[in-house]
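J.: Chain by chain, the residues run as shown.
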Amino acid sequence: MDSSHHSEVRAIARAWAGACAIACAALVAPSAAWAQDADASDIGITKDKIKIGMTGGITGPYPMSGRQFTGFMKRIFDKTNAAGGINGRKIDFIVMDDGADGKRAIDNAQALVRDEKVFIMSSVGTVTTPGIMRLLESQKVPLLFPLALFNDLISPPKNGVYAFLPLYSQQSNAIVEWGLRKFGPGKVAVIRANAPVWDPPTESASKKAKELGGEVVGVINTEYSQKEWGSVVIRIKEMAPDYLMVLTTAPDEGRLYAEMKRQGVAVKKAILGTATLADQAFLDAAGPVPDGLVFASVPGTLIQTAPEAKVCQDLWPEETMGVYGIEGCAAGELIVESLRKLGPRPTRVALNAMLSKNFGPFKLPYTGVFKSSPDHLLTHGMGIATVTGGKFVSATNEVFEAK
Amino acid sequence: MLGATLVNGVVVGLMYGLLAMALILLLQTTGTFNFAQGDLGMLVAFISYVLITSGKLAVGWAVLAALPISAGIGTLLYFMVIRPGTADSTELSLRSLGMLVLFVAVAQRLWGTNAPYTFPKLLPDSGFALFNFNVTYLQVATLVFTLALALVVAAVLHKTRVGLLIRAVRANREAAAELGVNVMLIEVAAWAAAAVVSGVVGILFAMLNFLAPVMMAPFLLSAFAAAMLGGLYSMSGALAGGVLLGLVQSVSSVYLNQPEWTSLIAFFILLAGLLLRRDAARASVST
Chain H
-6 MDSSHHSEVR AIARAWAGAC AIACAALVAP SAAWAQDADA SDIGITKDKI
44 KIGMTGGITG PYPMSGRQFT GFMKRIFDKT NAAGGINGRK IDFIVMDDGA
94 DGKRAIDNAQ ALVRDEKVFI MSSVGTVTTP GIMRLLESQK VPLLFPLALF
144 NDLISPPKNG VYAFLPLYSQ QSNAIVEWGL RKFGPGKVAV IRANAPVWDP
194 PTESASKKAK ELGGEVVGVI NTEYSQKEWG SVVIRIKEMA PDYLMVLTTA
244 PDEGRLYAEM KRQGVAVKKA ILGTATLADQ AFLDAAGPVP DGLVFASVPG
294 TLIQTAPEAK VCQDLWPEET MGVYGIEGCA AGELIVESLR KLGPRPTRVA
344 LNAMLSKNFG PFKLPYTGVF KSSPDHLLTH GMGIATVTGG KFVSATNEVF
394 EAK
Chain W
1099 MLGATLVNGV VVGLMYGLLA MALILLLQTT GTFNFAQGDL GMLVAFISYV
1149 LITSGKLAVG WAVLAALPIS AGIGTLLYFM VIRPGTADST ELSLRSLGML
1199 VLFVAVAQRL WGTNAPYTFP KLLPDSGFAL FNFNVTYLQV ATLVFTLALA
1249 LVVAAVLHKT RVGLLIRAVR ANREAAAELG VNVMLIEVAA WAAAAVVSGV
1299 VGILFAMLNF LAPVMMAPFL LSAFAAAMLG GLYSMSGALA GGVLLGLVQS
1349 VSSVYLNQPE WTSLIAFFIL LAGLLLRRDA ARASVST
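As they're listed, the protein sequences go chains H and W.
The first sequence stops at residue 396 when you use this note's numbering, and every number in between is there.
The second sequence stops at residue 1385 when you use this note's numbering, and every number in between is there.
A portion of the hints provided could be inaccurate.
[Said to hold, decoys possible] Incomplete in silico selection of chain H near chain W, CB under 8 Å:
#1 Thr52
#2 Pro56
#3 Met57
#4 Arg60
#5 Asn214
#6 Gly223
#7 Arg255
#8 Gln256
#9 Gly257
#10 Ala278
#11 Asp307
Don't read these hints as lab results, they were simulated from the structure.
Just so it is clear, CB atoms sit at the ideal spot from N, CA and C, and this is done for glycine as well.
Construct the entire structure; sequences and hints are all you get.
T.: Written as structure tokens, this is what we have:
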């Protein structure tokens, strides 16, 4: 009896000891983890890393924008990491390809936020970013400087969402104003991809043309990667416009111009477009383009062929930098500068506070000035690019403010 | 404007017809609806492009080299995808759907990030005016190739012993084998020939438009609709169906300003064709 009693007591004592050990371990573990991650000031920040997520169309119907934007941005981060990182932390840049597909983009963003636990996100895709933006807003993950220039991005301004380049509607407004002031009023035909994202730029161009005494003689809808351009050119010929305002992708704009040449159709004054036009992909598809015919608004005064842009091109010498490449460089530098300014304990709250109120002025040799603005757009300046000698160059030193 | 619109419609329609004929060629010879027919052409066009840009071959030589390459791919596909196991026409068509996904994925992986490419042209961009619409020599060459293909296939199938054997194999594979026909040889020849046609179609499309992994996708639905309009087994019918579709789409694009309707129109024609020609479709599956 005694022996059994003793063994029972011993069993109870062992049970208590085990329970105490588990409880002590449970109490000690978080503090040990805390001690280990004492420098983890926020999600996605560890002692030696800052996680940045990116989703974009690196394959799909028009992969050039995703490839160059993310590729040049990565090289900015590589350069930063090689120089010691940001306040001692290396950038861990996680890029996911969404093939320019909206659903895949949301899946990617979810994976980056939930599984990778990134500190901030960026994206490529004017069509795919609206969905991501809503997801990130609900998760309170900052969306910084996406290559997506649709109106809803910053209109109205949203907590945690920041644009670094003027929107397509602002670019459209600026180039029509510049063109019609330079060459005089005339008939404008608008060629646009039939997607909602091009509604505001179409309206903006039409409104500005009318304001300046011009007349919009027609808006021709096209598809992305349109199968044939003959039917579009037939309509352009019928309209006989002085100006052609093109609002679609660079290769499509190039193919349109090539078909116009084949059909012997020319505009009387100029072909105008937004930043999408000012890319090598346009020239590749268009073939030879005469000097002084094609003009594009250039957000942030970023011209990839400018001598100052060589520092960016040199980061990836084997890739011929296009408009999306230089935009990736600028966005990467802006992200690095933003994180650097946050100091050794970066948080999302502090990042939002800084970007919405007291960031900048910040300028690189090949960019305009970036600074905080109540509308969450970090630069309002735009330049004008034109094709001269078979490449896009700056048409003027003037800087136009986004309206 | 109407004249130019109609000429444009015929030119575009011929491209639908050409792809539709490539689809019918395989249907006639193997009884399989090959969903990967267009994308096999895309793959061959990419290989030719690499021969031109990296291999420094002249465009003409690269196009010629594409012919045996296409035949090789067709043969390889037959032994790797079509021949293994037993499968009826429906299962073979499903396998071709898998090939389509594979081809696009391979092209995306190898060349996708720099697409679209401008494929060097075999002929200059010049041409002549027809009803105020300039038709290029490349488009004329496409037309000539399309008509020649229709004639050659019709002649081979109906005037030669090989054609008779092909038709016999398609009608009843087992009976043909019992009668001493080398079924495998006939099927390999059919797949190789269809792959060559696909390769040429892919190169022509790349020259006329652009080269990209997804370049054939917008044409495939229209080509199926054209094939359906033509009665599934008729080359000339497919060509006529393609031209009709091209005309309808060109008119809708110019006068209605709704480019998306072109796919919608193709879809409705396909649907109508399936409903009206249910018997023909069933026969094509069962043979």
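J.: Run every hint past the structure and note whether it holds.
T.: How the hints compare with the structure:
A least Cβ separation of about 4 Å between H/Thr52 and chain W falls short of the 8 Å threshold, and the interface hint therefore holds. Residue-level restraint check for H/Pro56 holds (minimum Cβ-Cβ distance to chain W is 5 Å; threshold 8 Å). The beta carbon of H/Met57 is positioned within 8 Å of a beta carbon in chain W (closest approach about 7 Å), and the interface hint is therefore held. A least Cβ separation of about 5 Å between H/Arg60 and chain W falls short of the 8 Å threshold, and the interface hint therefore holds.
Look at H/Asn214: its Cβ gets to within about 5 Å of chain W, closer than 8 Å, so that hint holds up. At a threshold of 8 Å, the smallest CB-CB gap from H/Gly223 to chain W is about 4 Å, leaving the interface hint in force. Evaluation of the H/Arg255 hint against chain W yields a held restraint, the C-beta minimum of about 6 Å falling below 8 Å. Hint status for H/Gln256: holds, given a least beta-carbon distance of 5 Å to chain W, under 8 Å.
Evaluation of the H/Gly257 hint against chain W yields a held restraint, the C-beta minimum of about 6 Å falling below 8 Å. Checking H/Ala278 against chain W by beta carbon gives a least distance of about 6 Å; that is within 8 Å, so the hint holds. A least Cβ separation of about 20 Å between H/Asp307 and chain W goes past the 8 Å threshold, and the interface hint is therefore violated.
Consistency note: the structure conflicts with earlier hint 11 alone.
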